[in-house]
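Residues per chain, in single letters:
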Amino acid sequence: MRKLRATLIKELQLLVHDKVGLLLMYAMPVVLVFIITLVQDSAFKIVNNNQLEIIVANHDKGTLGDTLVKMLEKSGTFIVEKNNRLSEKALQQKGITDGKLASIYIPTHFSASIENNSGNVTKLILVEFGMSEDSVKAAESTTITNLIVYFDPVLQENYQYTLKTNLQTLLSGMENQVLLRKLFKEMGYDAIPEHIASKMTGEQTAIVAKQASINGKTAVVPNATQHNVPAWSIFAMFFMVVSLGGNIVKERNSGSFVRLLTIPPSFSLTLISKMVLYLGVAISQLALLFAIGYWIFPFLELPALQMPGSIFQLFVVALLSGMAAVSYAVLIGTYAKTQEQANGFGAISIVIFAAIGGIWVPTFVMPTYLQNIALISPLHWCLEGFYSLFLKNGDWNSLSFSIIFLSLFTIICQILSFAKLKSQQYL
Amino acid sequence: MVIFEIFYKFNSPFQNLNTPFLNIIIFAFLFHLQDIIHIQALAKKYKNSKVNAVDEVQLNIVEGEKLGVFGPNGAGKTSLMAMLCGIVLPSSGSIYYHIDGKKLTCKDALPFIGYVPQDFAFYPELSAQQNLIYFGKMYGIPTNELNQRIDLLLEKLGLSAFRYQLLSTFSGGMKRRINLAIGILNNPKVLFLDEPTVGVDVQSKYAIDQLLEELNKNGTTIVFTSHHLKESEQFCDRLVLLDKGKIIANGTMEALKQQYMVTDLEQLLIQLTGKELRDS
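Protein chains in written order, with the working numbering: chain A, 1 to 427; chain B, 1001 to 1280.
Hint data in this document are derived by calculation from the structure and do not stem from the laboratory.
Each computed DSSO-like pair below joins lysine-lysine, with the alpha-carbon atoms no more than 27 Å apart:
#1 A:337 / B:1050
#2 B:1275 / B:1246
#3 A:420 / B:1047
#4 B:1045 / A:422
Nothing here was measured: the structure is a model prediction, and the numbers come from that model.
Looking at chain A on its own, in the form it has when it is part of the complex (with noise of 0.2 Å):
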């Protein structure tokens, strides 16, 4: 025990000379958590509650393509720069040169095309219920113009569909409008009567978005602190491969390793030394991350980490999660024979674990072949089970597979560098 303890001050004296690996380890995750919670909480905002600069073109000759301009000024989603005197190309340039993220052409038979193609299918309707003989000849020679978006090309795939989305609500209500009030219109009607009318937009069914939770209490609402904090904290966690598993190498191949080989069992006490202290680095790593984004992340207008109900869970899939961090840096720093080995694999290795892991991206987005191979990721097992605490409400029972594929993770690392030790006369 007295030789535990001082090669545990031995370590810990170490990690403390050791500036730039105390920086990898503790800055490193904590810019990487700040920066992606912020460009992506921005992106959320931008979509969803940001107001989007827009750059509309109206040449149409109608009333309708006003009436769409007013709507997308009143919508809230937009702020609407009105300039008709482009042409469909002129305007594609000033949006890009101006740094709007779409421009909107609506051209000239925009509300011709409406009207027309409505009428169409009113007449239809009216034929349909045998309210009409007419013949639906002026249906088959419909042309429809449509509404034509540039879209800025930085601006990614999502967020366009998200806008179009937006835009073809717009629209789609708008039609809607024009195709009742020329159903009215064809029953003799002047316009639609206000008591329909005001059911028609006062009584439309919305939209409840709730979170599914595994104990069917309230779960909390997903954010960018809520998904960001956990997963990157992983990352960070599995990153100190670069600094254990060089830091294993260095000192195998020291001149101090030659000598404690020579005072058993100083080699074996090293290396459950250095578990012990990186497994407390890891904790720590996990509690400054989670501290920040509970107590930092609302100075930033950024939302607050909501912690688990279960701390104890919390603490347990924590500390599985570092195990399974340091036994894997342990058995990159084994196999390793340079410090440029272990730095390079480790890293890269991490990095793929990381990506298949849903690190990034979640899993369910993947091919599934991707998401196959995603099981042996151990950053996989690792976010399934912070997920599952700090997004689902989970209990013991979701937790299982994290704890039990995490458990062998680390049992089969400790064997293979305990393997790979004895064969080489370390242990």
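Fit chain B to the supplied structure of chain A, relying on the hints for placement.
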């Protein structure tokens, strides 16, 4: 010196003894000059190597002697020393230590061994004090005794003023001295030194030599390798010359000079191992 000369002249080839009287004298010496290390048919063959690094070495090391192991590069000196310190396991043969009346295997003898490798065997990121405390505790030395020993060694090696300084800031000579201090922290019965004074100034070398002489006077057996042949010649009681893993000469300097008609160790080495470069 004379005692060793007589002892070694008769120690190996007992068949040369032809008088019962001499036999009695030799066995009387043997009784007093106990072997501390007994090496028998020791061999080491590394993986992917076609030849033995150490080949059928038979050697007895006597308690209290200063034994110099010499030879060209790749002769097997470091491998032999590594096996004696338990760092490398032999491919065949045996090593036994006789300490405090007990026959010990290499592994069991480790607490009684001190080792000073050629490479600096410490943590340069830590101070002299931190290194000495760590290695002292690993040797299992009680705290009070360790503190006293650290004070004494730092004083003797002229490093007291630098005890809180990081070893990375030490000069080459200071590093050699602290390297030695760590190796003898446990007051070893047998001390193995691999090039203990390589690359040091004359003052550091003097301090190291003084300390080694003192240790030897207090009963520590010293086994060392060095390329400082002239100084080693004066320092050691007996020499073992290795080449291609085998012992090619073994005896006191005086005896070897007479046997091979040479004036110094350098001539002896050239005569026995040739002038051909041994870069491997």
